[in-house]
Amino acid sequence: MNSLTVDIRRKAYPNGCCAIENLAFAAQPGEFVAIVGPSGAGKTTLLNLIAGLDRKMEGSIALHSEAALQLAPAIGFMFQEPRLMPWLTVQQNLEMVLAPHARAHQAASLQDLLALVGLPGCGALFPGQLSGGMQRRVALLRAFIVEPDVLLMDEPFQSLDAPTAEQLRVLLQELWQRTRPSVLFVTHSLREALSVADRILFLSSRPSRIILDFAVDLQRPRTIEDLSVQQLHTSLLDRYPQLLEGRITPAQEKPPSGTALHAAKA
Amino acid sequence: MQQALKPALESGAQFMQGRWARILPVLLFVCVWQVLAITLESKTLPPPSAVISTLWHELRTGDLLFHLGMTLRRVGFSFVAAMLIGVALGILMGNSKNWDRLLDTFLILGLNIPALVIIILCYIWFGLSETAAVLAVTVNKIPMVAISLREGARAVDKNLLQVAHVYRLSRRETFFKVYLPQLIPYLFGSARNGLALIWKIVLVVELLGRSNGVGFQIGSYFHFFDITGILAYTLAFALVIFGVEALVLRPLETYLNRWRT
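Quick note, the sequences are listed as chains A and B, same order.
Just so we're aligned: 17 in our numbering is position 17 of the first sequence, and the numbers increase by one with no gaps anywhere.
Just so we're aligned: 254 in our numbering is position 254 of the second sequence, and the numbers increase by one with no gaps anywhere.
So here's chain A without its partners, still in its complex pose (with noise of 0.2 Å):
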C-alpha cells in the first residue's frame, strides 16, 4: 500500500494563472523522495496541496497510515522558516504539537529527544535565544515528534550556511531511519537532493508536473561532500543538461550510474 497517492489533474492560482497540471506520483511508506525543479514551479504549492493547507485543486490526494485504526495519518512540516511561536518555549512548541493526552508521558522523553538533535537542556529557552540552525533543529523534531507517516518539507535548510545545513541534513537521516516516515523533501539543490533521497522527482517550470522519475542507487550515511554523490550529479547533468531548468533533452548516450524509471517526453 502507498503511503502517499498523488493525482493532481489541475491546480490553477486565484489569478487563474495554472501551476500544476496532470501531476501524478506514488511514494511508499519509508520513503524518501525528493522533488527538485525550478523556482516558481509550483513546489511550496504542491506541499500545501498534499498537507491540506489549500483544497482548491481538481484531481485527488491520498494519505494512508500504518497504523490501521488511526483516523487520520499524521503529517509532519518542516517550512522553508522555522516558525516556532516565538511566545512558546522550546519545550512548549514540541508539546504543543503532542495529542494532550501524549504530553504527561512525553514530558520526560522530550528532554532526551532534544539532547538527541544538539540542544540539551534548551527546553525552557524561547526560539528568539537560539540561532537559526538551532531553531531549525526544533522543527525538525516538531515535525519528528507526532510520528508523521508522511513529512514535508519545504526547502528547509535554506539559507543556512552550509556546514549548519550538512548537520541538519544527517542529523535529518538520522531521525528518518528511526521511524521511516515517507518524506517528501522539496530543493532547487540537485546536489542536497542527491544527498539525501532515494528517489527524485525532478519537475517541469510551471504549469509543473513530472519530467523524470529517478532513483538514487547510494549508500548511506552521505553527505553532499561525497564523491559519488558528486559524480552522479556531473552524470545527470550532462545527460540532461537542462534539468535544473525543468526542461528534459538528453544530450549523451551515455546513462547515468541510477537508473531513471520513467522520462516523460519533454
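Just to be clear, a hint being listed does not mean it is correct.
[To be verified] Calculated pairs, BS3-like style, for lysine-lysine (alpha carbon to alpha carbon, straight line, at most 27 Å): (1) B:K177 - B:K158; (2) B:K43 - B:K177; (3) B:K158 - B:K97; (4) B:K97 - B:K177; (5) A:K56 - B:K158; (6) B:K97 - A:K56.
Quick caveat, the hints were computed from the structure, so don't treat them as lab data.
On the provided structure of chain A, position chain B as indicated by the hints.
Chain B in isolation, oriented as in the chain A frame:
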C-alpha cells in the same frame, strides 16, 4: 535623602535611569504648587497640604473608600464587558470582510457619537439605574476596542496558523497558543486607552444620574465650591490609576513579553 541622592547624581545618565528621575519632577511640582497657593492666598487654589489633609479626613470617615469603591466597581464591570465584546467584534471584523462591511458603519458611528449623547439616551431609555450607567460606559468604549483589535486580527501571521493547521491543533489551542499571543500588543493598547477613557466617562455618568461614586462627590463639591474636596478626590483617583498601572498592567505586560529579547 542626601545619601540616596549622592550616588544617583554621580552621572546624569545614571540619574535618568534611576527612580529619582520619576520622583523629583513630582516633588518639584508639589513645591511650586505649595508656594503659589501660599503667595496667592486664593480660595480657588488650596495648597497641597490642605488637599492631603482633606484626603486623609475623607479616608478616615470611610466616605472616600465608599465612593471610590462604587466608581471602581462601575469601571470594572464596564471595562470587562467592553473588552470582551470589543475583542470579539474586532476579531470577527478583522477576519471576515462580510462582517466588516456589515458593522463598519456602526463602528464609525459609535466612535464619533459624543459620550454625553449615549449617556443621556441610556438614562432616558433604561432609567437612572446602575445597569443604564454601566451600559452607557460600555457602549462608549466598545468601538475603540473593536477598531484596535480589528487591526490586530488583520496583522495575524498566516504562516503560524498554517503550523496549527498542519499539526491539527484544536480550535481552542489554536486560539490561545497561536492566535491570541499575536493580539497581545493590541490588547494592551486598548486596555490602557480603555481605562483612561472609562475613568472619565464613569465620572460623567455618576455626575448625571447616580447618587454615589467619585463623580457624584465631585458634583456635590462643585455645588459648594469646595475646590479642596474636588482636588482630594482627584488625587485619590490618580493614586488608584498609578496603582493599577504599576501593580497590574506593567507586571503583566513584562511577563507576557518575556520572550522578546
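Taking the hints in turn, this is what the structure says about them:
no.: 1; hint: B:K177 - B:K158; in the structure: holds (14 Å)
no.: 2; hint: B:K43 - B:K177; in the structure: violated (58 Å)
no.: 3; hint: B:K158 - B:K97; in the structure: holds (16 Å)
no.: 4; hint: B:K97 - B:K177; in the structure: holds (24 Å)
no.: 5; hint: A:K56 - B:K158; in the structure: holds (17 Å)
no.: 6; hint: B:K97 - A:K56; in the structure: holds (20 Å)
Checked against the numbered hints above, the structure breaks only hint 2 and satisfies the rest.
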